[in-house]
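Asker: If you want the building blocks of each chain, they are given just below.
4 protein chains.
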Amino acid sequence: MVSLESDYNNGVHPKVLEHLGVTNSQRTASYGDDHFSQHARQLIREACQAPEAEIYFLAGGTQTNATIIDCLLQPYEGVICCDTAHINVHEAGAVEFTGHKVLALPGHDGRLVADDVAAYLDAYYADETAEHMVRPGMVYITFPTELGTLYSLQELQDLSHLCEHYGLPLYVDGARLAYGLAASPDVDLPTLAHLASVFYIGGTKCGALCGEAVVFPAGHAPAHMLSRIKQHGALLAKSRVVGAQFEALFSDPSPLYLQLGREAVELAMRLRHLFTHRLHYRPFIDSPTNQQFFIVPNADLPFLRRHIGFETWCPVDAGHTACRFVTSWATTPAELQTLEELFR
Amino acid sequence: MVSLESDYNNGVHPKVLEHLGVTNSQRTASYGDDHFSQHARQLIREACQAPEAEIYFLAGGTQTNATIIDCLLQPYEGVICCDTAHINVHEAGAVEFTGHKVLALPGHDGRLVADDVAAYLDAYYADETAEHMVRPGMVYITFPTELGTLYSLQELQDLSHLCEHYGLPLYVDGARLAYGLAASPDVDLPTLAHLASVFYIGGTKCGALCGEAVVFPAGHAPAHMLSRIKQHGALLAKSRVVGAQFEALFSDPSPLYLQLGREAVELAMRLRHLFTHRLHYRPFIDSPTNQQFFIVPNADLPFLRRHIGFETWCPVDAGHTACRFVTSWATTPAELQTLEELFR
Amino acid sequence: MVSLESDYNNGVHPKVLEHLGVTNSQRTASYGDDHFSQHARQLIREACQAPEAEIYFLAGGTQTNATIIDCLLQPYEGVICCDTAHINVHEAGAVEFTGHKVLALPGHDGRLVADDVAAYLDAYYADETAEHMVRPGMVYITFPTELGTLYSLQELQDLSHLCEHYGLPLYVDGARLAYGLAASPDVDLPTLAHLASVFYIGGTKCGALCGEAVVFPAGHAPAHMLSRIKQHGALLAKSRVVGAQFEALFSDPSPLYLQLGREAVELAMRLRHLFTHRLHYRPFIDSPTNQQFFIVPNADLPFLRRHIGFETWCPVDAGHTACRFVTSWATTPAELQTLEELFR
Amino acid sequence: MVSLESDYNNGVHPKVLEHLGVTNSQRTASYGDDHFSQHARQLIREACQAPEAEIYFLAGGTQTNATIIDCLLQPYEGVICCDTAHINVHEAGAVEFTGHKVLALPGHDGRLVADDVAAYLDAYYADETAEHMVRPGMVYITFPTELGTLYSLQELQDLSHLCEHYGLPLYVDGARLAYGLAASPDVDLPTLAHLASVFYIGGTKCGALCGEAVVFPAGHAPAHMLSRIKQHGALLAKSRVVGAQFEALFSDPSPLYLQLGREAVELAMRLRHLFTHRLHYRPFIDSPTNQQFFIVPNADLPFLRRHIGFETWCPVDAGHTACRFVTSWATTPAELQTLEELFR
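Just so you know, the protein sequences line up as chains A, B, C and D, in that order. Heads up: the first sequence runs through residues 1 to 344, numbered per the working numbering. Heads up: the second sequence runs through residues 1001 to 1344, numbered per the working numbering. Heads up: the third sequence runs through residues 2001 to 2344, numbered per the working numbering. Heads up: the fourth sequence runs through residues 3001 to 3344, numbered per the working numbering.
Calculated directly from the structure, the hints in this document are not laboratory data. Hints are not guaranteed to be accurate.
Unchecked claim - Some chain B residues judged to face chain D by a derived CB distance under 10 Å, without partners named: (1) Thr1062; (2) Pro1075; (3) Tyr1076; (4) His1090; (5) Gly1093; (6) Glu1096; (7) Gly1099; (8) His1100; (9) Ala1104; (10) Thr1129; (11) Glu1131; (12) His1132.
Claimed, not checked - Take a look, some chain A residues computed to stay more than 10 Å from chain B by CB distance: (13) Thr28; (14) Val113; (15) Ala126; (16) Glu131; (17) Met269; (18) Arg272; (19) His273; (20) Thr276; (21) Asp286; (22) Leu301; (23) Glu340.
Claimed, not checked - Covered stretches of chain A, going by a simulated chain B footprint (3 or more residues, C-beta under 8 Å): (24) 7–19; (25) 48–61; (26) 158–171; (27) 202–211; (28) 231–239.
These numbers were taken from a predicted model, which means no experiment stands behind them. Every residue gets a Cβ at the ideal spot worked out from N, C-alpha and C, and that includes glycine.
My request is simple: use the sequences and hints to build the entire structure.
Answerer: Structure below.
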């Protein structure tokens, strides 16, 4: 049984676990002041070529989104995103729970397009009743998106310039950032750090047990972030648990984090080749990252289910279903080989 | 240098770490459905002699308090606690952040006393303007308290009966539960499970990397808890990280969790004996648990600081300072021996 | 200058003002217990043929919506409405401010359609990840809608049955209810009271200085409503100010409230006839109520502006603009006559 | 029966009602832009000798407190007040509902004392764990207090200087401001405007049907106040209802508002003389304003109740009860004469 259900159904990368073991007997400070977190911050600053970056470690993705969005927004502001955004659909209303409206615009294969945002903002500012509406306070995107797609460098630059023009921060949710960076031809960590006001490097889905690293590349994080993170219930007393993991993920000159992304995407491409060329499935969405979506004939489903763990996404027509197959750092070449032999 | 600053300046108990390693390659379900969490729940039910218990795993203490209190209260209700309670002082207003007032009553060495609660409730219900006031919706205590003290069985029963009488849930914050149970002559896990409506078994300070186990001993957790935990940003995608740790902490017939508490309290008693009999320090608070508070002559502080890590608590008089010395599962007999030799 | 900008640019109906004067020297209870409010409740129960109705008086529309929606929803639930709904667009995020997501579905000329709601709910309940999404907790509509349109009796019944089927309350925002009831061929107050779980009778736009009457036709208002209304800052100490106005609006066997609606709609129809038959403007939306929307040639705008106060709604094409003309209880037949003579 | 239960059991001062009548047929702008509100703002600026003042009209006291406090605080800040403060006891948790902790210090006959605040702030800033606590963000007092007492000019100056020193706004709740100013030997409107960062002039209890005027004497109100007021459900569409009332209350060179306060306090002093000299009751609190508190022999209660409407405040001892007797602008000299004759 090859497990392609998700990228969080696994444990922790062995090198990260090993690092937890090696450092386990050390006593440290807490609440983010531990030396593991300090060092991990320095490593991430270097990987981002962002020496002024302020970095906070949180435990999970929804928590990170809700906390960072609430801290970036004024209480009367909302966050612009596309309709399929995780914060709009799959976070149980965590953003609204902190009092903010999610201002959802139509997405394009999971992407938010700069022109749509510009049109929305222009209409808002031109509206005589704007003070009766929710003020747009920031822009949220994911890289890669919920649908596995990527923003090109040009698209990111367009959004970044637009945000700068309107004075809005651009926040990039990087829950699967390793896989996005691995698949992108023109966006790397320093580029992202240059274009985003704040982003997070997702650990949970990319090699860690838990943990996300929030990066304010140019510094200037909101005041009293520690207090606000605690107010959101997101401050870990034993902060080393995340700090040490990111230390392991970023300690090599060629960071393990990026390496894990590359390996998973390579396997995703083998999977894609197998499904399109051997099984002749059409992609449901054209994703270059670790999430692959195919249109599967319903007749094939029982056989697939016997050999692969995966999620059905949505029905396509009477005879076909869109299905999602996800590789991760934990997927092995041997697993792909098993599938290749199975479908020979 | 003997480290007695806190019980969260350490890593994870080696047996727990070993279990994370042994189970690391397994693929699991997520969001609490993983088999580690399932098994850990069963083990905890058995340790609590509470076969109907519903159990949720969260990442940290403030998060757990804010989430559980918000879920137990109606939106117009507040939580009764004593003035030194963690939720009233040291959680950055996380409870108020979810819209609820903390109704603080005077504490007695960190304890909330049933008679005070009864007087408060009677006054509230007798007040003709009660509908203009915040309705008391639950009672919060900690075991052990912020000051290391304990509730006797009788005191717990009094609070439990009072709560039952008024129809209010009794919630017990067990951030340091292992140490409290180890020190108590008459309260054990089944007793606590019998008297509390809900409580949590603290992992972060008692052997785990992170994680708290929330126990509703009789079941009847609020509806849609998973959704509400997520709304609070407290739902871990890779829930195994906490589940597997509690599996390790509770897998033995004599659970490691309780054993760790006993060892730390034993060392705390050796420390207490050393300080009171050898150094002739008076206790600042009479604590039977792993947090020890002594009145230290200021002249002794420099010497102590050279050999021990500890926190100053508050000034007592011109020549004395109250100091806190904390043992934990990570404190070793060798460390105590070092101190005993130092103060011979 | 004929003033057709809005239905809240006026004072209070003379008969209501007179009643405030006549009763002014009486001393009363407060916070809703005053005898004016008590009597007004009884009059409204009779007008609604809803003897069990529980009725609360609040000051304004956004306040009423935010308070009632928050009280009807569980903290983890959201409110379904159509995309043009006042709560979704023009309340500055007051619903989200209380923690709830607004779940907006596409509207049909301002109306929410039962089939759309059913499809949304079916998809939600069928979704395996539903616990990660915002749970739909109620349905919100306006009568008449933001665009002046009405629900037919059949449409209301469909929504009501749908809500009953799914166990969701149906809430009807009646900010302009007088005008809607006056224009409807088949919906009257008792019918509305029969089909809605809760609705409000708008006073501010329909003859009062301020005030809205929230009606729970079958009783069963949420617990501790007084306390919750106060928690929202919406409890008037001197509740008589709204109570006495509604007493005046509903004291006649043929209530003044309904009479005011009929007169305003009659004038709106004269306006409509004038614009469509004399000026040959096409309606922008086919509204039977006091808000009339016409497609005006831009060349006509300067002349219109010299003689009429009105709002431009949105551009239609290069040469035309949609404009809104609103009659109210304060609009006089003489004003209509002025316009008729002007455009002869 | 002489009615001394409260200062909000009455209607509206006849001159204010007359003004509502005279202006009723005028059409106006809305949402605070109406010419009544504009003019009232100008009159209040003059009465306060604060030409830069920004002024907002809201409907009621709890609403005003919750809205202004939320707008002045950062989301992670709390409000300092004394334990008997209205926001701490009698607003159903409206401040906490917006996410902020109420930081209550012991009161002195209802007053907050500058030294207590300084001690609290010094302790907070010296605390190494301050980031884990709620940050004090403003100071709230009432003038007069809940117990009818007043701050002297010196006490107000002390608080004002303290707030300036710590960079905290000082907010004065003036629900009964007219009565406080009438009774104070050294505090008038310009003085208050000079010492407070923001205060409100209470209308509901001092001659109006409803309405409070929030004054930022030096301008610099928080950004987007209109939007935030709406977000709190506190923006009146037909803002003239409050604007016109304050126009009437402040249109005379010697404002009616202040005159009403003087008359009520004069009657309160007659009442006080009657109770202390004729009935030999001792004051429960020494109040110079319109709220008078006396220690009444329980044997007298039935007789008093036959002739006077009043509230029992609290038991004093087995034979005595503290009772509150409140005069207002609506109390008449004839009513006092009735009492004087009754107790001759």
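Asker: Each hint should be assessed against the structure and marked as holding or not.
Answerer: Results for each hint:
no., hint, in the structure
1, Thr1062, "holds (9 Å)"
2, Pro1075, "holds (8 Å)"
3, Tyr1076, "holds (7 Å)"
4, His1090, "holds (5 Å)"
5, Gly1093, "holds (4 Å)"
6, Glu1096, "holds (4 Å)"
7, Gly1099, "holds (5 Å)"
8, His1100, "holds (6 Å)"
9, Ala1104, "holds (9 Å)"
10, Thr1129, "holds (6 Å)"
11, Glu1131, "holds (7 Å)"
12, His1132, "holds (5 Å)"
13, Thr28, "violated (6 Å)"
14, Val113, "holds (28 Å)"
15, Ala126, "holds (35 Å)"
16, Glu131, "holds (25 Å)"
17, Met269, "holds (22 Å)"
18, Arg272, "holds (21 Å)"
19, His273, "holds (24 Å)"
20, Thr276, "holds (26 Å)"
21, Asp286, "holds (26 Å)"
22, Leu301, "holds (20 Å)"
23, Glu340, "holds (20 Å)"
24, 7–19, "holds (count 7)"
25, 48–61, "holds (count 3)"
26, 158–171, "violated (count 0)"
27, 202–211, "holds (count 4)"
28, 231–239, "holds (count 8)"
Hint compliance for this structure: hints 13, 26 are broken, all remaining hints hold.
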